[in-house]
Each structure stands twice: as C-alpha cells, then as structure tokens.
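Chemist: Chains as they are written, first to last, in the numbering used here: chain E, 1 to 506; chain A, 1 to 506.
Derived from the structure by calculation, the hints contain no laboratory data. A portion of the hints provided could be inaccurate.
Pairs count within a copy or across copies, as identical chains cannot be separated in the list.
Said to hold, decoys possible - Below, in silico cross-link-like pairs of lysine to aspartate or glutamate (DMTMM-like), each with a Cα-Cα straight-line distance of 25 Å or less:
1. K435 <-> E57
2. K412 <-> D30
3. K404 <-> E65
4. K6 <-> D83
5. K488 <-> D79
6. K4 <-> D30
7. K93 <-> E249
8. K246 <-> D119
9. K34 <-> E475
10. K93 <-> D257
11. K94 <-> D119
12. K482 <-> E259
13. K34 <-> D445
14. K481 <-> E57
Number of protein chains: 2
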Amino acid sequence: MQLKVKPLDIQENQDIVFINFNDAMKERIDPGEKVVIKKTDYLFSSSAVLTNNFVEEGFIGLSIEKTKRLQSKENEIVDVSPDSNIEIAHISKKKLEGKILTKEEIVKFVDGIITGNIDSVLISSFLTSTQILGTSTKEIEHLTRAMAETGTMIKFDKKPIMDVHSIGGVPGNKTAVLTIPIVASAGLTIPKTSSRAITSPAGTADVVEVISPVDFTPDRLKDIVNSTGGCLAWSGVLNLSPADDKIIEVERKLLIDPEPIILASVLSKKYAMGADFLLIDIPMGDGAKVTTWESARKLASNFTELGSALGMHVEVAITYGGQPIGNAVGPALEMREALLALQGKQSGSLTEKAIGLAGILLELGKKAEVGKGKELAREILESGKALEKFKEIIKAQGGNPNIKPEDIPLGKYKANILSEDSGYITKVDNSLIVKTAKILGTPFDKGAGLILNYKVGDRVEKDNVIVELYAESEERLISAKKFLDYNKVFQTEGMILKRFPGLKVI
Amino acid sequence: MQLKVKPLDIQENQDIVFINFNDAMKERIDPGEKVVIKKTDYLFSSSAVLTNNFVEEGFIGLSIEKTKRLQSKENEIVDVSPDSNIEIAHISKKKLEGKILTKEEIVKFVDGIITGNIDSVLISSFLTSTQILGTSTKEIEHLTRAMAETGTMIKFDKKPIMDVHSIGGVPGNKTAVLTIPIVASAGLTIPKTSSRAITSPAGTADVVEVISPVDFTPDRLKDIVNSTGGCLAWSGVLNLSPADDKIIEVERKLLIDPEPIILASVLSKKYAMGADFLLIDIPMGDGAKVTTWESARKLASNFTELGSALGMHVEVAITYGGQPIGNAVGPALEMREALLALQGKQSGSLTEKAIGLAGILLELGKKAEVGKGKELAREILESGKALEKFKEIIKAQGGNPNIKPEDIPLGKYKANILSEDSGYITKVDNSLIVKTAKILGTPFDKGAGLILNYKVGDRVEKDNVIVELYAESEERLISAKKFLDYNKVFQTEGMILKRFPGLKVI
Numbered sequence: 001m002q003l004k005v006k007p008l009d010i011q012e013n014q015d016i017v018f019i020n021f022n023d024a025m026k027e028r029i030d031p032g033e034k035v036v037i038k039k040t041d042y043l044f045s046s047s048a049v050l051t052n053n054f055v056e057e058g059f060i061g062l063s064i065e066k067t068k069r070l071q072s073k074e075n076e077i078v079d080v081s082p083d084s085n086i087e088i089a090h091i092s093k094k095k096l097e098g099k100i101l102t103k104e105e106i107v108k109f110v111d112g113i114i115t116g117n118i119d120s121v122l123i124s125s126f127l128t129s130t131q132i133l134g135t136s137t138k139e140i141e142h143l144t145r146a147m148a149e150t151g152t153m154i155k156f157d158k159k160p161i162m163d164v165h166s167i168g169g170v171p172g173n174k175t176a177v178l179t180i181p182i183v184a185s186a187g188l189t190i191p192k193t194s195s196r197a198i199t200s201p202a203g204t205a206d207v208v209e210v211i212s213p214v215d216f217t218p219d220r221l222k223d224i225v226n227s228t229g230g231c232l233a234w235s236g237v238l239n240l241s242p243a244d245d246k247i248i249e250v251e252r253k254l255l256i257d258p259e260p261i262i263l264a265s266v267l268s269k270k271y272a273m274g275a276d277f278l279l280i281d282i283p284m285g286d287g288a289k290v291t292t293w294e295s296a297r298k299l300a301s302n303f304t305e306l307g308s309a310l311g312m313h314v315e316v317a318i319t320y321g322g323q324p325i326g327n328a329v330g331p332a333l334e335m336r337e338a339l340l341a342l343q344g345k346q347s348g349s350l351t352e353k354a355i356g357l358a359g360i361l362l363e364l365g366k367k368a369e370v371g372k373g374k375e376l377a378r379e380i381l382e383s384g385k386a387l388e389k390f391k392e393i394i395k396a397q398g399g400n401p402n403i404k405p406e407d408i409p410l411g412k413y414k415a416n417i418l419s420e421d422s423g424y425i426t427k428v429d430n431s432l433i434v435k436t437a438k439i440l441g442t443p444f445d446k447g448a449g450l451i452l453n454y455k456v457g458d459r460v461e462k463d464n465v466i467v468e469l470y471a472e473s474e475e476r477l478i479s480a481k482k483f484l485d486y487n488k489v490f491q492t493e494g495m496i497l498k499r500f501p502g503l504k505v506i
Numbered sequence: 001m002q003l004k005v006k007p008l009d010i011q012e013n014q015d016i017v018f019i020n021f022n023d024a025m026k027e028r029i030d031p032g033e034k035v036v037i038k039k040t041d042y043l044f045s046s047s048a049v050l051t052n053n054f055v056e057e058g059f060i061g062l063s064i065e066k067t068k069r070l071q072s073k074e075n076e077i078v079d080v081s082p083d084s085n086i087e088i089a090h091i092s093k094k095k096l097e098g099k100i101l102t103k104e105e106i107v108k109f110v111d112g113i114i115t116g117n118i119d120s121v122l123i124s125s126f127l128t129s130t131q132i133l134g135t136s137t138k139e140i141e142h143l144t145r146a147m148a149e150t151g152t153m154i155k156f157d158k159k160p161i162m163d164v165h166s167i168g169g170v171p172g173n174k175t176a177v178l179t180i181p182i183v184a185s186a187g188l189t190i191p192k193t194s195s196r197a198i199t200s201p202a203g204t205a206d207v208v209e210v211i212s213p214v215d216f217t218p219d220r221l222k223d224i225v226n227s228t229g230g231c232l233a234w235s236g237v238l239n240l241s242p243a244d245d246k247i248i249e250v251e252r253k254l255l256i257d258p259e260p261i262i263l264a265s266v267l268s269k270k271y272a273m274g275a276d277f278l279l280i281d282i283p284m285g286d287g288a289k290v291t292t293w294e295s296a297r298k299l300a301s302n303f304t305e306l307g308s309a310l311g312m313h314v315e316v317a318i319t320y321g322g323q324p325i326g327n328a329v330g331p332a333l334e335m336r337e338a339l340l341a342l343q344g345k346q347s348g349s350l351t352e353k354a355i356g357l358a359g360i361l362l363e364l365g366k367k368a369e370v371g372k373g374k375e376l377a378r379e380i381l382e383s384g385k386a387l388e389k390f391k392e393i394i395k396a397q398g399g400n401p402n403i404k405p406e407d408i409p410l411g412k413y414k415a416n417i418l419s420e421d422s423g424y425i426t427k428v429d430n431s432l433i434v435k436t437a438k439i440l441g442t443p444f445d446k447g448a449g450l451i452l453n454y455k456v457g458d459r460v461e462k463d464n465v466i467v468e469l470y471a472e473s474e475e476r477l478i479s480a481k482k483f484l485d486y487n488k489v490f491q492t493e494g495m496i497l498k499r500f501p502g503l504k505v506i
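In isolation and in its complexed conformation, chain E is listed as follows (with noise of 0.2 Å):
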C-alpha cells in the first residue's frame, strides 16, 4: 500500500514503524508484524505499531532517524507492505505440504531471492523439500521462466538460435571449442555462454579465457555474436538468471543439487538467451553426474518436457562420460589440445564428441539433413573453415586469434606418473583426476593441470609415462604425486590393487 511520511520526534532502538489501525486491517498487518517499507532504492524492514493517535489514516509514522535512512520527507508518498520473509515461509511451508504452488507464487519466491530480502533458511526448506517431494511440470516451468525474466533477457538478429550445454561432470570436457566454431561457420547463431568451473577443474569459460577476454555486457555480445555468429562468452556477468547463483549457494551448503533445479538452472539461462534449438548433453558413466541409462533417460525427457513448454526444441545427446574427453585436463592444457584439433593435427575422443554434438546442431538448424550433420561437421572441421571462424570469434571478442598451441603458456614444474606394472586400462577414475588436477592449483592456476598419455582401452607398460603432471608452484606439484602415491588414477588389468600382509603366526 501507498502510505504517506509522517516523521515522528521520537527516538527508538525497537526498530518500530507507526501504522494507522484502519491501513493495518485493510493490508491484514498484524501488531508487532515485520513490513517493509520501500522508497525507489531505499528500503528497510520494522516492525509495525498500530494506532489511532499517532499516524492518521494513509500515513505511516517514521523517527526522524528512519526518515532520514529512507532519504525521505514528509508526505511524501513510501510503498508499505508485510515483509515478504512471512509471505515467502507460507510459500515455502505450502511446497512442504506437498502443495503445488502456484505461478504467482514462484514469482514471489523467486522476486525474494533476487532483491535478497529473504532468509536463507527458507531457500534451504524449499530446495530440501523440492529434493524429497520432487516438483510438478508446471511449477518447473513457473520457476525456469520467474528466473530468467528476473534477469537480463537477450535477442539477437538473426534466427533461429542454436545453444548446447553440457551437464558437467566429466574433465576435459572442452569440446564447446570446437563446436561453436563447426556450427556458425555453417551459417547458424550460436551464442554460447558458459559457466566458470564450479566443482570442475575447468569450465568451457575457463578454458576460453587462456586466450581470450571472456567477460561482455549484453550489447558488447550482441554485437559479438551478430558480427560472427557465435561466442564462447562467460555468463556470469551478463546477470543471465540471478536467482541461480544465490539458490546454488544453499544447494552446495546443503550437498544437494536437485534435479527440477538443475532444469531450471540451465534452460532458465539458455531461455534468457532466446535459444529456439538447445542441445543438452548428458555425459554418463562411472564417476560422471549421471551414471546409468535409466537416470539419464529420465533426465533427458524432463528436458525436452521443460523446453517444450517453453517453447523451446531441446534434444539431448548422452554421451560416454566414464572417463575424460580427450587426454588433457586444465584450462591451458584443454586450450591448447582444442587448438591442435581446430588445426585438424589432434583426432580422438574430443573431435568425435565435438562433431558428433555439431552434427546434431547442423540438423536441427536445417543446414543438414537428418543423418547427414555429422559428416559435414567432420567436413567443416577438416576444411580449416572451423579454425578461421574460431579465429573471427576470438579476434572479436578481443582475444588473440593468431596464438599457437605451442604460445600457450603451460605451469613450469612438471613431473611425469609412470606406471607401475603393464596390461591394458580398464577404467581412468574421474574423480580422483579431478582432485588431482585442484591439487595441482586448476582452475585459478591457468597452467596446471595434467595430461593423460593412456586411456581406457589401451596397452600400457611398466614405467611408461602415464600422466604427465604440470604446475605453477613447486608446492603443488609435490602434492599432487604425494596424492597420486595414496591413490590410483588408472586400473589396469593384471596390476595388483593392493596387498595386505598376512597375520604372522606366533
């Protein structure tokens, strides 16, 4: 409700406001109850004192002091309502309920994330009770779109926009790289943006970064993106879907990561972007997000669901994550291994993955028929056509276009991982390559990270150089072939895991 200022000569430590009896019963305020009172940028919450004496019907009676924090006068008009916490717990406690809630209250619970009025403990209650109950269609849909209109929303020119993302959670994932030049060198808009590494040792922004500026304000990128086509842009400071950070903050103090909130999370982004065709990939296997068929299925139809009720065609592509792409891991190493195959001098797991993904995106962009995306993919790339639009790309969001791999500066300690026995590889363990590879400083240390010379399949030997392991201080690289003493990487056939000493007998 509008109330008018009326600047009271008292002073008060309660944190109190003064409210006509009959506002109060209109706005169903209580005594004692928190509202928040709200000038343009100035706001505050107090508790409310009911009158008649004081403040007479349409105003609100504020200390002087409160006048002033509000940079405000008298009569002069303040927005008051119940402190949206009360609102928001009802909201909260209804999805405890097992509830569905409604569109307007997504809305609200979102709005309260983002003006950050709200405690977090009720962000908690609702991520938890969303991971117990699970969430229905409609509120997914509520939710995705409430958190992409509560931040920037970008057009581009020229239609229909092409968008891929990957869930995570498997290293060396740096295929974007390739990618996003295959498909805008076909003439498609594919505005990529990506996350910084979260839990991984790099993300595709990251990676991008080691040669490139990363970071743009919305027209700086479309400006990008109308003049070539594509970007490999980081999204943070575009402000795409803000209420994702804050909620990503209680999910990662509470170890969870609910599943309608990971589909909000990326289609609330790639919504924001204006995305027509989204392609999603679901890397599964051992040590990967998603690890068998049956989760990743279900996964895959709760994303087409979702962005066919937003109007968006979303396909996805499970793809093998049971060991990394490639053989590099950290964002100069994955730069530079992605340079070498944009210069068609690097074949192997990466190329496959990245024209398998282009493929798809080709198809659905119409500039291949169903079947046949994969093939010109792999022509584009052999063309040199994917490494010139790569190269218009960096040079217009300001990077290098004309780095070598070899320019690619690499941490200097390096250490080589022999092996200790010979047979053939039968799993690389994501995890721990992920852990060794923070030990090593990624992804704050550009040049770390490390480089697996076998993978899963191949012939290895005693003493052969397994990994090869590079830092930026001395200090973590001896840390890291400490780790890899107590923990293997690789399992091998025929290699003994352990022995455990026999009890003697006395």
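Starting from the known structure of chain E, fit chain A onto it as the hints suggest.
Modeler: Just chain A now, with coordinates in the frame of chain E:
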C-alpha cells in the same frame, strides 16, 4: 588432531592456513576444505592449503595475525578439525535422503547447534526433512538426550521427582499455579519450570512473575525446591536444553513445528530436571494445537513411548481446549484468578482442570490410590493447604506471599464489550482471543488482557457485558476495540453472523 602452531611471516586475505600434506591425508582434509582451529575459548574456521615445505608434519602454519587472533604462540598445541558444517551437512543430507541417523550423528548435530558453528540453513533442512519424513523412535530418543545433556542437568534430593507440562494452545491456562502447590503440599517434589509466552498471551512464568521473581540459577532453584518441595520458575536462565532455542528460532521462520521436535523439546527439559513421573496435558478442541481425538491419541502415545525410552514414566491427560481455561487471559488477570481459586473464592473450569491434573500426579506419586487422586487434590485445595504451600513457594522465590487478589495491579484503561444479540454461546474463538490479548499488550504489559464473562453453553442477553478489556495504554485499548468490531470472539445461537445484500433487479 593436535598440531603445533608455526607462525608464518605472511599477509593474506584469503583466510588460509597451511597443513602438512601427511597430516591432511590422515584426517582426510582436501585442499581448500574448511578446518576449525581451536585453542580453549578461541576458534576460527579457515580454508586449508596443503604443503610439504612451509610446515612440517605435526604443525599448522598460521599468519602472524591469525596466531594473535588465537592468543597463541609458536609451538603451542591447537586443535584442528574439519569444519563441522561439512560434517553436519552430511548428516542433514542423510536425514533428507530418508536414512536413519545414528546416535553419534545426532549428538554431533546438536553439538554443532550449541557451539553456534553451524549455518542455520542446515538446521532448516533438517527440520524440513523431519517434518516431511518423520523420525524413528530411536532418533527422537537420541535427540532428546543430546538436547538435555548439552545443557544444565539438575538433581534434587527427594525422589520421586514429579512434573507437569501443557503443550499449550489454549489461552488462560494458569492451572500450574494451583496444581504445583497441591502436589507439593502432599509431600511430593515437583520442580515446575516453564517458558514465557511464545505465541500465547501469557506463559506460566509470565503469570507467576506478576507477584514473584521466576529466574534462578540452578543452585538457587535446588534450594527452593529442596526446602518447599516445589517451584514455579522460568526455564530460560537455567540453560535447560539450550539447543531448543536455536531450533525454535528457525522453526518460527519456517512456520513449522514438527511433532518429533515438540516431543524432544518438552522431554529434554523434563529429563534435564530428573523427572521420574511426568504428566503431559494435551488441550484438544477447536482453535487449540490439537483438534481431533485421533491426533491427540497419537501424540499421547508418542509422548509415553519416548518417556519410557528415557526411563521416565510419562502419563498424558487429554483436556478440553476448545475455549479458554477459566475466565481471565493476560498475566495479572490470570494471577488474580488463580489466587482467588487458591482461596476457594472461585470455582469452574480452572479449579476442575487443576485438581484433575493434580489428582493424577498424586496417584502417580503414590499419595492417593488410583481413582482417589482428584478427591485428595480437592481436599488439599479446599482445606487451604494448597494456598499455604503456594505462599511458602512464593516466599522462597523472593516474592510477596501475602499479596491479595485485589492488590494485583491491572491495566488502567478499561472497556466493556457488549453482546450484540441474545442467545446461547456456542463457540469462544481461542485464536481471536489470543490476537485481542496481544493487541491489548500481553504478555509484555502485565496488566493487559481480558475477562470473558461468558463461556460456551451460557445464556447471554443483548447488551450484557460479554468481555472486559484491560490495557496499559489507551492506544492499545482502542485498537483492540476496533479489532473486535471486525472480529467476533463469540458465536451465539440465534445470532445472525453475516448478511449478504441481494442483487438489485434492474
């Protein structure tokens, strides 16, 4: 683990400490993980950097500033452990996943709450999961013990220890003021502690405080109880079950009150007081906390079951809670009514409920045969022995034992509310009475409150004084009158509740 301090000549702003790689491996501390560094009263949490060079095994490297902050010096031993937030996050996550928590996990969780180290989002998640998923009997038992044992535990001289507790929800419930002296004058020990009003117009502690101090140290309380057999004290300063306060703080924000937590909260305090026999009063009826027989019975059996697990005999009385107990609501008014009842000058629901509960306690304490307790309680009350014991307790507590009901000061602003119609009262609305009393200023304004001149079943004539209002400020009196213009506390048979004007035919 115990490590020796090694002050390092560094300046840092990242809040880091240095731990030797070997120590970190032993304690499973990962790089970047938060650890708590503790020296007697000083502690802080920092992020771990693992190293082989900066500090030897057995040492922790701290900046000189951090060394000072810890009031420590070189080679002094400090305690280093992984930050309990992570451990506790794993516990709250386990709860969320529907798994049963062990005793050790629950103790760790409660310890975390007590030491104030843990983030309230974890308490929020724990409470939300508990509300949705429930708890096992063993879990509540562990929780209750942990809550009790992390606070003050008191032992009294004379066994058995009796106690009584109402779960609340019905206004005007000053029964303990009668019950305690009746039971104590029969020679039983009954150290009654109670809270101040949480959501009600007056808790027992607020009522007794009108004529006597109610806050005592544990030693002072023991003296009072050992000399008189009873007390009417506030539980607050005793530090009984201190985790409860922090849990309640989060519960209020979430607007939830999970039953397992109610059980643990009540019984932990009684367990801490060494109760052998505990009588739980569950007021049931419209507007009370418990509204149906089914839920009352379920709660009752959960109380007795948990009591028995704690080695306590818990008996439950389901009482009528559909309207206020007695006629007075508000601290001073209730004290006056209770005094009149002790003097035998007032009869009715207050006296009947008080001797009913006292009778059960006399039977449990073997002072009366089964079925004869209420009779004995009535005798003790009518003989004036209860009044004598009450005076004895008030004197021991440092209050005025000779105060007369008419000496108790009431709010000086008074108003009468008249019945708008004639008929029989069919309903008295508990929650509107609570709201009216709070608008009048209870529980903080001791003299504020209301007297209900009629109860359910009474015949009322138009313009009879149906309610008397008392307030300590004119403002509050006017507010309450206005509130009662909008809201009807009484429903009368024959009264037209609302008229809807018909649609005009055009």
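Chemist: The structure should be examined with respect to each hint, and the outcome stated for every one.
Modeler: Here is how each hint holds up against the structure:
no. : hint          : in the structure
1   : K435 <-> E57  : between (63 Å within a copy, 22 Å between copies)
2   : K412 <-> D30  : between (66 Å within a copy, 23 Å between copies)
3   : K404 <-> E65  : neither (63 Å within a copy, 45 Å between copies)
4   : K6 <-> D83    : within (20 Å within a copy, 49 Å between copies)
5   : K488 <-> D79  : neither (62 Å within a copy, 31 Å between copies)
6   : K4 <-> D30    : within (20 Å within a copy, 56 Å between copies)
7   : K93 <-> E249  : both (21 Å within a copy, 16 Å between copies)
8   : K246 <-> D119 : both (11 Å within a copy, 15 Å between copies)
9   : K34 <-> E475  : between (53 Å within a copy, 19 Å between copies)
10  : K93 <-> D257  : both (20 Å within a copy, 11 Å between copies)
11  : K94 <-> D119  : both (17 Å within a copy, 23 Å between copies)
12  : K482 <-> E259 : neither (36 Å within a copy, 50 Å between copies)
13  : K34 <-> D445  : between (47 Å within a copy, 20 Å between copies)
14  : K481 <-> E57  : between (74 Å within a copy, 17 Å between copies)
Checked against the numbered hints listed earlier, the structure breaks hints 3, 5, 12; every other hint is satisfied.
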